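A.B. asks: These protein sequence lines map, in sequence, to chains A and B.
Start counting the first sequence at 896; every next residue gets the next number (the numbering used here).
Start counting the second sequence at 32; every next residue gets the next number (the numbering used here).
Accuracy of the hints is not assured; some may be wrong.
[What the hints assert, rightly or not] Straight line, CA to CA, 35 angstroms or less: simulated DSBU-like cross-link-like pairs of lysine-lysine: (1) A:K965 <-> B:K83; (2) B:K71 <-> A:K965; (3) B:K83 <-> A:K991; (4) B:K98 <-> B:K71; (5) B:K71 <-> A:K951; (6) B:K98 <-> B:K40; (7) B:K72 <-> A:K965; (8) B:K50 <-> B:K40.
[Unchecked claim] Stretch-level coverage of chain B by chain A, calculated; a stretch enters the list once three of its residues show a Cβ under 8 angstroms from a Cβ in chain A: (9) 76 to 89; (10) 120 to 129; (11) 135 to 141.
What the hints contain is simulated information worked out from the structure, not anything from laboratory work.
Since we're looking at a predicted model, the values are computed, not measured.
C-beta: ideal position from N, C-alpha, C; glycine also.
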Amino acid sequence: TQLLEQSPQFLSIQEGENLTVYCNSSSVFSSLQWYRQEPGEGPVLLVTVVTGGEVKKLKRLTFQFGDARKDSSLHITAAQPGDTGLYLCAGPQGGKLIFGQGTELSVKP
Amino acid sequence: DTAVSQTPKYLVTQMGNDKSIKCEQNLGHDTMYWYKQDSKKFLKIMFSYNNKELIINETVPNRFSPKSPDKAHLNLHINSLELGDSAVYFCASSQVQGIGELFFGEGSRLTVL
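Build out the structure end to end from the sequences listed, making use of the hints.
C.D. replies: Set out below in structure tokens:
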């Protein structure tokens, strides 16, 4: 059983469209992180959300932590081809960071 | 200057062989990790070391033996390679064990034929 469920697993959209990626759990997390991984590279941290209900913005990316700290979302406005990659949510559990199964985003010009 | 560097980037080998992957971090972190990313891109922790001491071993077969000669290095040796070991192995480090930002290397893609 996956502790962090991400949806959708795959997303292919046109440049300029908006999209939302979800990360859900039945467990409460003290914080959640979002990483982006490009082909041939390791994941790189985008943001950490810590407080229930928190909203953080990174240019066209908006991250939200659920009020109950069991879920998070990543919204991208006006997606660009440079946003293409694997988006991973991660949370601390039992002294280690566990990851969702990822969302592969492809933005076509 | 690469923060977390691992070598080699690619390994192709036959079943039954032994191989090693090396990892070094220059961030001054106390904690280092090995993660395995399978063909479905799922990233799963294998080992965690804190200041050269093994902290987490996620029921990995004992064919996998990590070694940390000092807190800046964490190597992974794999004996008797099997087809199912084919994956991308990532080394990572963090300032604090189990929480906070992970800094990943570029990954080592292992293909077992």
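A.B. asks: Run every hint past the structure and note whether it holds.
C.D. replies: We went through each hint and held it up to the structure:
1. A:K965 <-> B:K83: Given that 35 angstroms is the threshold and the Cα spacing comes to 33 angstroms, the pair holds.
2. B:K71 <-> A:K965: holds (24 angstroms)
3. B:K83 <-> A:K991: Roughly 16 angstroms separates the two Cα atoms, so the pair holds.
4. B:K98 <-> B:K71: holds (27 angstroms)
5. B:K71 <-> A:K951: holds (29 angstroms)
6. B:K98 <-> B:K40: holds (19 angstroms)
7. B:K72 <-> A:K965: Given that 35 angstroms is the threshold and the Cα spacing comes to 23 angstroms, the pair holds.
8. B:K50 <-> B:K40: holds (13 angstroms)
9. 76 to 89: It holds, with 5 qualifying residues against the three required.
10. 120 to 129: Check passed, 5 qualifying residues.
11. 135 to 141: It holds, with 4 qualifying residues against the three required.
Violated hints are absent here; each numbered hint is respected by the structure.
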